[in-house]
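Got chain A; can you put chain B on it based on the hints?
Chain by chain, the residues run as shown.
2 protein chains.
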Amino acid sequence: MAEAAQSAGELPVKRPREEEVNGAVSVEMEVNNGAAAELPECMSSVIPGWFSEISPMWPGEAHSLKVEKILYQGKSDYQNVIVFQSSTYGKVLVLDGVIQLTERDECAYQEMITHLPLCSIPNPRKVLVIGGGDGGVLREVSRHASVEKIDICEIDKMVVDVSKQFFPNVAVGFEDPRVTLHIGDGVAFLKAVPEGTYDAVIVDSSDPIGPAQELFEKPFFASVAKALRPGGVVCTQAESIWLHMHIIEDIVVNCRQVFKGSVNYAWTTVPTYPSGVIGFMLCSTEGPPVEFKNPINPIDADESHVKTYGPLKFYNSEIHSAAFCLPSFAKKVIESKAAK
Amino acid sequence: MAEAAQSAGELPVKRPREEEVNGAVSVEMEVNNGAAAELPECMSSVIPGWFSEISPMWPGEAHSLKVEKILYQGKSDYQNVIVFQSSTYGKVLVLDGVIQLTERDECAYQEMITHLPLCSIPNPRKVLVIGGGDGGVLREVSRHASVEKIDICEIDKMVVDVSKQFFPNVAVGFEDPRVTLHIGDGVAFLKAVPEGTYDAVIVDSSDPIGPAQELFEKPFFASVAKALRPGGVVCTQAESIWLHMHIIEDIVVNCRQVFKGSVNYAWTTVPTYPSGVIGFMLCSTEGPPVEFKNPINPIDADESHVKTYGPLKFYNSEIHSAAFCLPSFAKKVIESKAAK
Numbered sequence: 001m002a003e004a005a006q007s008a009g010e011l012p013v014k015r016p017r018e019e020e021v022n023g024a025v026s027v028e029m030e031v032n033n034g035a036a037a038e039l040p041e042c043m044s045s046v047i048p049g050w051f052s053e054i055s056p057m058w059p060g061e062a063h064s065l066k067v068e069k070i071l072y073q074g075k076s077d078y079q080n081v082i083v084f085q086s087s088t089y090g091k092v093l094v095l096d097g098v099i100q101l102t103e104r105d106e107c108a109y110q111e112m113i114t115h116l117p118l119c120s121i122p123n124p125r126k127v128l129v130i131g132g133g134d135g136g137v138l139r140e141v142s143r144h145a146s147v148e149k150i151d152i153c154e155i156d157k158m159v160v161d162v163s164k165q166f167f168p169n170v171a172v173g174f175e176d177p178r179v180t181l182h183i184g185d186g187v188a189f190l191k192a193v194p195e196g197t198y199d200a201v202i203v204d205s206s207d208p209i210g211p212a213q214e215l216f217e218k219p220f221f222a223s224v225a226k227a228l229r230p231g232g233v234v235c236t237q238a239e240s241i242w243l244h245m246h247i248i249e250d251i252v253v254n255c256r257q258v259f260k261g262s263v264n265y266a267w268t269t270v271p272t273y274p275s276g277v278i279g280f281m282l283c284s285t286e287g288p289p290v291e292f293k294n295p296i297n298p299i300d301a302d303e304s305h306v307k308t309y310g311p312l313k314f315y316n317s318e319i320h321s322a323a324f325c326l327p328s329f330a331k332k333v334i335e336s337k338a339a340k
Numbered sequence: 001m002a003e004a005a006q007s008a009g010e011l012p013v014k015r016p017r018e019e020e021v022n023g024a025v026s027v028e029m030e031v032n033n034g035a036a037a038e039l040p041e042c043m044s045s046v047i048p049g050w051f052s053e054i055s056p057m058w059p060g061e062a063h064s065l066k067v068e069k070i071l072y073q074g075k076s077d078y079q080n081v082i083v084f085q086s087s088t089y090g091k092v093l094v095l096d097g098v099i100q101l102t103e104r105d106e107c108a109y110q111e112m113i114t115h116l117p118l119c120s121i122p123n124p125r126k127v128l129v130i131g132g133g134d135g136g137v138l139r140e141v142s143r144h145a146s147v148e149k150i151d152i153c154e155i156d157k158m159v160v161d162v163s164k165q166f167f168p169n170v171a172v173g174f175e176d177p178r179v180t181l182h183i184g185d186g187v188a189f190l191k192a193v194p195e196g197t198y199d200a201v202i203v204d205s206s207d208p209i210g211p212a213q214e215l216f217e218k219p220f221f222a223s224v225a226k227a228l229r230p231g232g233v234v235c236t237q238a239e240s241i242w243l244h245m246h247i248i249e250d251i252v253v254n255c256r257q258v259f260k261g262s263v264n265y266a267w268t269t270v271p272t273y274p275s276g277v278i279g280f281m282l283c284s285t286e287g288p289p290v291e292f293k294n295p296i297n298p299i300d301a302d303e304s305h306v307k308t309y310g311p312l313k314f315y316n317s318e319i320h321s322a323a324f325c326l327p328s329f330a331k332k333v334i335e336s337k338a339a340k
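Going down the list, the protein sequences come from chains A and B.
In terms of this note's numbering, the numbers along the first sequence are unbroken and rise by one, the last being 340.
In terms of this note's numbering, the numbers along the second sequence are unbroken and rise by one, the last being 340.
Calculated from the structure, these hints are not laboratory results.
Remember, it's a predicted structure, so these values are computed and weren't measured experimentally.
Heads up, some of the hints might be wrong.
Because identical chains share one entry, a pair is satisfied inside a single copy or across any pair of copies.
Under the rule of at most 30 Å between Cα atoms (straight-line distance), these lysine-lysine pairs were calculated in the DSS-like manner [what the hints assert, rightly or not]:
1) K260 with K332
2) K307 with K331
3) K307 with K337
4) K307 with K332
Same shape as in the complex, but just chain A (with noise of 0.2 Å):
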């Protein structure tokens, strides 16, 4: 586990040789000693052996990584799932064209999208966790000591499956004996928990074209709201600042219908995600005021999840007050939408 933490910003950077320097750089067409890797037909190739990542989500824009090697490629009930080992950001996890992780820069996704709200509040005891198949949201969680229970419902098995043979140190949330399984609709799951079970709801999903599609909509949220003790929170995954306003901006009309207590918007970096960063909405239902923007539970104050987990990569206290405030542009859509 103590070698997970090299991995965030450390990889060694290749020193450019003199002759590659001042524009005359050469498209590096081949991997492999030579050969091209061959990429599975669904799996978009802009330069042979190099993943890109196209999508009418961010049409005329693509981030490619070079392929090293073919790990994985199968097809769900739901998706295509390929994992692919790349030169510089180490292992990828790609669900129906899209870079869900690499292993040099998941800790930002998962240990924002879960700390942000688990901070928030005192001694979250009951966790739930919508889609985040491949554990490292369950990781993140199993940090907190306070936590008794922790539920994920996870819509397709075959990322389960994939993340325990290909990214141990993600799945290795899993592992926890306070983590229970359930892999079906999460919409439906939410439907049939008694009102008022969980102290926070973690929704780890994709984007909203695809099976995630319904966690982005007003009924999902009044699941979750219900499914939430009064004061309870929620984080969801919510696009990016960049792209995606004309989306966050109906999150952001939907959940301040649905959630009577705060409503708020953090971004992080994650580079190999379109336009480079993430955001998540954070809402609380009515009860206790949650004040998202002080964390009051710190995780980076307690050392005792080290120890199995390695130390953080990339949340602190400081970044997450730091995670909300947007830029002008985004902070005037976004708050004149989220106040009450």
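Just chain B now, with coordinates in the frame of chain A:
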């Protein structure tokens, strides 16, 4: 100027059509109604008609933008200069294959590199910009009513000319009567500056390979320190925490030796820069102490500049403070080297 305020993060995102979702997204191979844009030879392309940013500074990854039209290509004494119309980021300026600015996200970089230093000191009067030939930093410096004199030393006249022709909302910074443009080497310019001339120096450089290399070295920082008044400030482009921690570490060590006041690192999101973030070194010389994290000269409280330059799109006092909060992996390295 009012239209300029519309561009940040507000370009319409095409809603996905049903048949485009679930992994079956086809690569858009063509632009301009069927004909792929012809790219100049010095411009890397991984999809026909798309520009790809490939560099040994970020091996194994590449960001690509769809090209609508090449607007300019030239070769100056220092670098290749290209301007193209992208399909979703507006016009794009590329130097030696590396994106310098796009109309859609330039606000984040220009506003942060300028207002982080200028809002940290009372009444900045004399400001020097090294590099910054596009004029965007000048535009932002000009918002400060207290400023009496703005010198800029840019090595490459072609950058200035191209910006004036293709990026009028950026090059507008050159129109302020307080601005004096010097075409020449920033290192030599600084050596000739009388001691203690400036309140602030902003180093808006490209990456430390190519013409900007010396701007990351210790003798240059020493010249900057000499050119500043006691308690004066410098802000210099300082790469990405995700990609270049070893470069950042070197810069911090150099700055700690040279600047006898405070030494700080801040960062912001810029989607079209590698890894989606860019950082800044902010240092002060011996004299009245400067607490960069707490802006004492808030430009967002003064509305007088809005009439000329439009509202700030990105910067505000909250995001100023937040920019100094670092992810744990970067905080550990930087704070240990920056400490006195």
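Identical-chain pair category, K307 with K331, by Cα at 30 Å: Classified as between: cross-chain Cα gap 21 Å, same-chain 39 Å, threshold 30 Å.
Intra- versus inter-copy proximity for K332 and K260 (alpha-carbon distance at most 30 Å): Within one copy only: 21 Å inside, 39 Å across.
Up to 30 Å CA-CA - K337 versus K307, copy category: between (42 Å within a copy, 27 Å between copies)
Intra- versus inter-copy proximity for K332 and K307 (alpha-carbon distance at most 30 Å): Answer is between; shortest inter-copy Cα gap is 19 Å, intra-copy 43 Å.
Violated hints: none; the structure is consistent with every hint.
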